[in-house]
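Trainee: Letter by letter, the chains look like this.
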Amino acid sequence: MADPRFFSLAGPFTLGRLAELSGAEMAPGADAGAVFSDVAALDAAGASDIGFLDNRKYMADFIASKAGACVVHPDMAPRAPAGMLLLLSPDPYRAYAHIAQAFYPVTPPEPWVAPTAWVDPTARIAEGCRIEPGAVIGARAEIGRRCRIGANVVVGDGVAIGDECVLGANATLSHAILGNRVVIYPGARIGQDGFGFAMGPEGHLKVPQLGRVVIGNGVEIGANTTIDRGAGPDTVIGDGCMIDNLVQIGHNVQLGRGCVIVAQVGISGSTRIGDFVAAGGQAGITGHLRIGSGARIAAQSGVMRDIAAGETVGGAPAVPMAEWLRQSALLGKLGRRKGRLPPE
Amino acid sequence: MADPRFFSLAGPFTLGRLAELSGAEMAPGADAGAVFSDVAALDAAGASDIGFLDNRKYMADFIASKAGACVVHPDMAPRAPAGMLLLLSPDPYRAYAHIAQAFYPVTPPEPWVAPTAWVDPTARIAEGCRIEPGAVIGARAEIGRRCRIGANVVVGDGVAIGDECVLGANATLSHAILGNRVVIYPGARIGQDGFGFAMGPEGHLKVPQLGRVVIGNGVEIGANTTIDRGAGPDTVIGDGCMIDNLVQIGHNVQLGRGCVIVAQVGISGSTRIGDFVAAGGQAGITGHLRIGSGARIAAQSGVMRDIAAGETVGGAPAVPMAEWLRQSALLGKLGRRKGRLPPE
Amino acid sequence: MADPRFFSLAGPFTLGRLAELSGAEMAPGADAGAVFSDVAALDAAGASDIGFLDNRKYMADFIASKAGACVVHPDMAPRAPAGMLLLLSPDPYRAYAHIAQAFYPVTPPEPWVAPTAWVDPTARIAEGCRIEPGAVIGARAEIGRRCRIGANVVVGDGVAIGDECVLGANATLSHAILGNRVVIYPGARIGQDGFGFAMGPEGHLKVPQLGRVVIGNGVEIGANTTIDRGAGPDTVIGDGCMIDNLVQIGHNVQLGRGCVIVAQVGISGSTRIGDFVAAGGQAGITGHLRIGSGARIAAQSGVMRDIAAGETVGGAPAVPMAEWLRQSALLGKLGRRKGRLPPE
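Chains as they are written, first to last, in this note's numbering: chain G, -2 to 341; chain Y, -2 to 341; chain W, -2 to 341.
The hints are simulated quantities; they were obtained by calculation from the structure and are not laboratory data. Check each hint, because a few of them may be wrong.
Lysine to aspartate or glutamate pairs mimicking EDC-like chemistry, simulated, CA-CA at most 16 Å apart [said to hold, decoys possible]:
1) Y:Lys203 / W:Asp236
2) W:Lys203 / G:Asp236
3) G:Lys203 / Y:Asp303
4) W:Lys330 / Y:Glu320
5) W:Lys203 / G:Asp303
6) G:Lys330 / W:Asp88
7) W:Lys54 / Y:Asp303
8) Y:Lys54 / G:Asp303
9) Y:Lys330 / G:Asp236
10) G:Lys54 / W:Asp303
11) Y:Lys203 / W:Asp88
Here's a subset of chain Y near chain W, in silico, CB distances under 7 Å, partners left out [unchecked claim]:
12) Gly131
13) Val133
14) Val151
15) Thr169
16) His172
17) His201
18) Pro230
19) Gln245
20) Ser290
21) Gln324
The C-beta atom is built at its ideal place from N, Cα and C for all residues, glycine as well.
Extracted from the complex, chain G is given alone in its bound form (with noise of 0.2 Å):
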């Protein structure tokens, strides 16, 4: 079971409720009265577990598996060991996530104002909140409910966050407006200024960047991310992202809603990309492109040109998927020749 030193069990469930929480059906036979106690992975689970099977790389752990049930797909069930309950489901990694939340439930913060935060008098908090020791709120900034600003989070003069946010630890806003349900991560930075500056001999000079940095609702960014606030139009995250760690998005960039950025990824300025966009770990985007809603980025591609909705690109420079394997197999094989290299 989890750590109880960082996380509170609920339960028990039967089968049954666990089907109908997480939508996938029982498998023909189970016992819907079955009681499980907790999730656990599936190598390490025990009877009164429920574990689950995704990616087939741990089909071996599934096989040796003593979880007394397991959410999988249907087309894996034959290969369940004996004794195991199933619940199937066409898509078992969700399905597990309903179960997981039941069993380990997000509840509301307890409302508190640490003596040692620093709230603005202008500010306005709304009902619910705890702010943490050490966070800052400032001039005219506007939280609403049931909020959790977490320690030494800074929230800069201005900034409107929405109802249900969590901003973690040392997390600093400025220039931003916030939906519902937005997760900041530790050390995530949200509205500074844009690199944005008049190259020349004589110095650079600073061009002033008057936009904002306006996050849609259910987004989540992860730590130590940096979102730069627009030059002058407004930097935008649509509901729903999901923005990995060590991420950088530039000023005037736009996500629309459901992209999926995951680690480390660079994003230039003033690119605007689609809905449900998917960029692979250390990905870079060149500035000013258009990327299609539904195109996916394979991991550590340089993306210098448009891409077209759901069209899907590797490399770089980043090609169609199927020209950079092509590409990476010709290369491999000449990598692999014994002979001599052709004279210069």
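Fit chains Y and W to the supplied structure of chain G, relying on the hints for placement.
Mentor: Leaving out everything else, chains Y and W in the frame of chain G:
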């Protein structure tokens, strides 16, 4: 106009005054007495706004703009919409920077030491400084005149900071000497130990890092960027360098004047870089190299050898730009071929 | 000498004592009673200083050095300038580390709990700790003996920290268990939620992250580095690992003992890495891989498959080093060819 929750608008200004402030020339026939009240992006501007055109990608916005005036390169003037007043400049972005600075001037900080700031009694704070809540100023630190020390900043023992510096929220400095007008963005880490140790199977042995970080005048250092102090010599950042977010600068690195280092670049220890070198996003530069003044390093490059002054390189390993473009073109062609790969 | 604003010099020491401390041997004829007062870089050292030569790139500095003594590999001894006393070591850098530690010893913290620190009444702080201003220690946290908790650090509820650990300013820890002598650099983020959610067009659903970060003895974790806690299993960092700045380590990753992870590396979730693995700057390692002990991964590599113990790889996708060098050489040749590209 910029969101008044975050920005204070000055002005209005006449076109003649804006020409004077920016060094741009009024186009023939432009009315020097026409009054403008704000800057705006070309696609959002109205009759009382002044915009600018710098990147030809935005030509369509220029042609369709309702801005009352615009700063443009003289070559673009013929394409201006009827009735738009023009300020002509060979460097429209720089001219715009001056104009935007006039409309949105940086004001000196309102002097204050917040009650929750911690200032060691042996620290020396010059006149006109603002020390925000939760900031910590260590023993014997020296802060120049009219500095802004952001909330929850930590200035270590003995650190010396010049006049009119800005330290963004939650930044930390130790073992550092800063010039005047330095801007450190939120979460930047300056002066911690370099990554120096003697490796060995019996354990890696830490080597004391006995240098400092010495930062010149007018330098900007981006959010969550990390600059380690020297191992013995100092790490040095020359006057006027602009360093973006999430950049890593190793111990003993020296940057000359006016370098531009884009986000997520990494520069390994002891590399010496000349004046006005530019490095694109996510480029990596190996340690112990010499990079000549004026060199340009493309985004995502991997620099593994010295670079001559003025040279432009790309790729990994980085080669002269023309060679890299040729490599990329060739790989692109091979990737697009439909036939089979050659036999192994 | 090192700037006395930041460093306290011990000594002087005789050459004989320095030989003893470092395990190096005095070269024949060297005067064991000669007295040295400081360490210095070879190009800055004087008669009372001792330097070291480790990287042959600095041979010219060695030959011209005025250092009174130097630690060198025996092979280099014949090139020493006349009059320089030599300490001979097969690993001069390690020997120098011992000598520099003697001149600049790390002293135990002066115990203190700053008035502006926030220590939850249920936290347990062992003897000899220093809790600097603005630090926040959560409920039921446990801090071992003689720890330094830097200014504005946040230690979350239930976190356990061993003896003689150092937490740099503004670092944050949650859901973490640390061994002894762990050094966390400023701004590092340890223990936040991993990037785990079930993707879907109706929105991405967060999966509770129920593991911890478990850190062994003698580990160093660099500035602004991010280490997510496990999703169910723990994220584990083995004894003696050295992790540089701005590194991303995903949930469930396991590092063995003594790994060296250079700046801006990213390691995706659930990858297991053996002992004494080295990864160069900006390398990326995909999730769910196995990297054997002693493997070496070149800077900027993209590792997309398992790596056997002891193997050295480079490139993206990463291949054995010899193959990558051949690929690079071939590409380099093609890029330098003056003729036309082959027809498409």
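Trainee: Hint by hint, note whether the structure agrees.
Mentor: Hints, verified against the model:
For the hint linking Lys203 of chain Y to Asp236 of chain W, the alpha-carbon distance of about 14 Å falls within 16 Å, and the restraint holds. For the hint pairing Lys203 of chain W with Asp236 of chain G, the CA-to-CA distance comes to about 14 Å; that is within 16 Å, so the pair holds. Distance restraint check for Lys203 of chain G and Asp303 of chain Y: the Cα-Cα separation of roughly 31 Å exceeds the 16 Å cut-off, and the hinted pair is therefore not satisfied. Among the hinted pairs, Lys330 of chain W with Glu320 of chain Y is consistent with the structure: their alpha-carbon atoms are about 9 Å apart, no more than 16 Å.
For the given pair, Lys203 of chain W sits about 31 Å from Asp303 of chain G by alpha-carbon distance, which is inconsistent with the 16 Å threshold. About 39 Å separates the Cα atoms of Lys330 of chain G and Asp88 of chain W, which puts this hinted pair outside 16 Å; it is violated. Taken as a hint, the Lys54 of chain W and Asp303 of chain Y pair is honoured in the structure, with Cα atoms around 13 Å apart against an allowance of 16 Å. Distance check on the hinted pair: Lys54 of chain Y and Asp303 of chain G sit about 13 Å apart at the alpha-carbon level, within 16 Å; holds.
Restraint check: the Cα-Cα separation between Lys330 of chain Y and Asp236 of chain G comes to about 39 Å, which exceeds 16 Å; the hinted pair is violated. About 13 Å separates the Cα atoms of Lys54 of chain G and Asp303 of chain W, which keeps this hinted pair within 16 Å; it holds. For a cut-off of 16 Å, the pair hint linking Lys203 of chain Y to Asp88 of chain W stands: about 14 Å separates their Cα positions. Evaluation of the Gly131 of chain Y hint against chain W yields a held restraint, the C-beta minimum of about 5 Å falling below 7 Å.
Interface restraint check: Val133 of chain Y against chain W, minimum CB-CB distance 4 Å, threshold 7 Å, status holds. Interface restraint check: Val151 of chain Y against chain W, minimum CB-CB distance 4 Å, threshold 7 Å, status holds. The interface hint given for Thr169 of chain Y holds, since its Cβ lies 4 Å from the closest Cβ of chain W, which is under the 7 Å cut-off. The criterion of a C-beta within 7 Å of any C-beta in chain W is met by His172 of chain Y, whose closest approach is roughly 5 Å, and the hint holds.
With its C-beta approaching chain W no nearer than about 5 Å, His201 of chain Y sits inside the 7 Å limit, and its interface hint holds. Evaluation of the Pro230 of chain Y hint against chain W yields a held restraint, the C-beta minimum of about 6 Å falling below 7 Å. A hinted interface residue such as Gln245 of chain Y counts as satisfied when its beta carbon comes closer than 7 Å to some beta carbon of chain W; here the least separation is about 4 Å, so the hint holds. Taken as an interface hint, Ser290 of chain Y does not check out: its beta carbon lies about 21 Å from the nearest beta carbon of chain W, beyond 7 Å.
A hinted interface residue such as Gln324 of chain Y counts as satisfied when its beta carbon comes closer than 7 Å to some beta carbon of chain W; here the least separation is about 4 Å, so the hint holds.
The structure fails to meet hints 3, 5, 6, 9 and 20 from the earlier list, while all remaining hints are met.
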